[in-house]
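> Sequence:
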Amino acid sequence: MSDVAEASQTSLASVVRFCKDFGYKGFADLKINLAKHAVPAQQGLHEDVTADDSPNTILDKIVRSTADAVHTALATIDPDSFDKAVQTLVHTRRLLIAGVGTSSPLVQDASYRFRTAGLLTEAPIDSHGQHVSASLLDPQDTCLAISHTGQTRETIMTLTAAKEAGAQTITLTSFYRSPITALADINLIAGSKETNYRIEAMSSRIVHSTVLDAIFVAVNVQMPERARKAQARTAEAVASHRL
Numbered sequence: 006m007s008d009v010a011e012a013s014q015t016s017l018a019s020v021v022r023f024c025k026d027f028g029y030k031g032f033a034d035l036k037i038n039l040a041k042h043a044v045p046a047q048q049g050l051h052e053d054v055t056a057d058d059s060p061n062t063i064l065d066k067i068v069r070s071t072a073d074a075v076h077t078a079l080a081t082i083d084p085d086s087f088d089k090a091v092q093t094l095v096h097t098r099r100l101l102i103a104g105v106g107t108s109s110p111l112v113q114d115a116s117y118r119f120r121t122a123g124l125l126t127e128a129p130i131d132s133h134g135q136h137v138s139a140s141l142l143d144p145q146d147t148c149l150a151i152s153h154t155g156q157t158r159e160t161i162m163t164l165t166a167a168k169e170a171g172a173q174t175i176t177l178t179s180f181y182r183s184p185i186t187a188l189a190d191i192n193l194i195a196g197s198k199e200t201n202y203r204i205e206a207m208s209s210r211i212v213h214s215t216v217l218d219a220i221f222v223a224v225n226v227q228m229p230e231r232a233r234k235a236q237a238r239t240a241e242a243v244a245s246h247r248l
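All residue numbers for the sequence shown refer to the numbering used here, where the first residue is 6 and numbers rise by one.
There's no promise every hint is true.
[Claimed, not checked] Distance condition first, Cα-Cα at most 20 Å in a straight line; then the derived SDA-like pairs of lysine to any residue:
1. K234 / F221
2. K30 / V9
3. K36 / R182
4. K168 / R99
5. K89 / V9
6. K89 / Y181
7. K168 / M207
8. K89 / A187
9. K89 / L125
10. K89 / T215
11. K89 / D143
12. K36 / T107
13. K234 / L125
14. K36 / S19
[To be verified] Here are the simulated distance ranges between beta carbons:
15. A240 / T55: 44 to 52 Å
16. G171 / Q227: 17 to 25 Å
17. L125 / D190: 15 to 23 Å
18. D83 / R120: 25 to 33 Å
19. S19 / A72: 36 to 44 Å
20. D83 / V243: 32 to 40 Å
21. D83 / A33: 25 to 33 Å
I should point out that these hints are in silico values taken from the structure, not numbers from a laboratory. C-beta atoms are modelled at their ideal positions from N, C-alpha and C, and glycine is treated no differently.
Model the full structure from these sequences, guided by the hints.
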């Protein structure tokens with residue numbers, strides 16, 4: 006959407022209005038309908054896959070493509086932004102993690118992991134709950150928003166509420182030029198080539214999960230004593246659920 010606005014020398018709002026004038030819900034809806042005519046069905050799932058591929062060939066292509074995406078992410082993430090994100094989380098009083106759709110499982114997993122590092126973390130499943138929690142943050146707190154496209158309305162609303170409350174804001178997304186990156190204090194851009202056609206994340210989910218794991222480990226290293234105590238209590242709690 007940002008590319009179209011720049012190429013046509015208009016605004017993002019103008020692009021949205023243009024799409025709606027032609028009967029589409031928005032830019033994503035236009036993009037999907039254009040792809041139906043321009044891209045073979047199997048490439049809508051994955052660009053490397055062809056209709057003649059066997060199941061084993063598809064498995065090989067998907068695994069290799071995902072591995073390439075994880076490796077490429079190292080080149081798209083700004084080291085200074087990553088360091089700032091880690092330092093922000095180390096010193097935050099409370100952490101809210103927000104995201105919906107395909108980002109929701111990542112949000113819940115990250116919330117659990119950061120909780121085991123000793124961070125006071127919350128991640129309401131309901132988007133309204135995320136919005137309310139963001140509104141109740143203060144300057145000592147942080148909101149981490151995860152969005153593949155960076156265009157998800159609910160996540161943008163939550164991040165906006167957090168910023169208005171004075172909290173620190175961090176985004177993890179696949180696109181540098183997107184509505185959500187214009188809002189955040191710190192942007193972690195981890196994209197993959199699947200963004201050529203697809204609207205929903207596939208391999209980028211793995212990329213974003215890897216980045217979150219790296220942040221989790223870095224935070225643990227920065228605050229070893231607090232992390233050690235939290236992990237010991239976590240291990241004790243988890244052990245009680247195993248036979």
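> Against each hint, give a clear statement of whether it holds in the structure.
Checked hints:
1. K234 / F221: Holds, at about 15 Å.
2. K30 / V9: 17 Å, holds
3. K36 / R182: OK: K36 and R182 at ~17 Å, within 20 Å.
4. K168 / R99: The given pair, whose Cα atoms are some 14 Å apart, holds under the 20 Å limit.
5. K89 / V9: 31 Å, violated
6. K89 / Y181: 17 Å, holds
7. K168 / M207: 29 Å, violated
8. K89 / A187: 17 Å, holds
9. K89 / L125: Within the cut-off at roughly 19 Å; holds.
10. K89 / T215: Measuring from Cα to Cα gives roughly 18 Å; hence the hint holds.
11. K89 / D143: Measuring from Cα to Cα gives roughly 19 Å; hence the hint holds.
12. K36 / T107: Holds, at roughly 19 Å.
13. K234 / L125: Judged against 20 Å, a Cα distance of about 14 Å means the pair holds.
14. K36 / S19: 16 Å, holds
15. A240 / T55: 44 to 52 Å: 47 Å, holds
16. G171 / Q227: 17 to 25 Å: Given a distance of about 23 Å, which is inside 17 to 25 Å, the answer is holds.
17. L125 / D190: 15 to 23 Å: Holds - the Cβ-Cβ distance for L125 and D190, about 20 Å, lies within 15 to 23 Å.
18. D83 / R120: 25 to 33 Å: 27 Å, holds
19. S19 / A72: 36 to 44 Å: 40 Å, holds
20. D83 / V243: 32 to 40 Å: Since D83 and V243 have Cβ atoms about 35 Å apart, the given range 32 to 40 Å holds.
21. D83 / A33: 25 to 33 Å: 26 Å, holds
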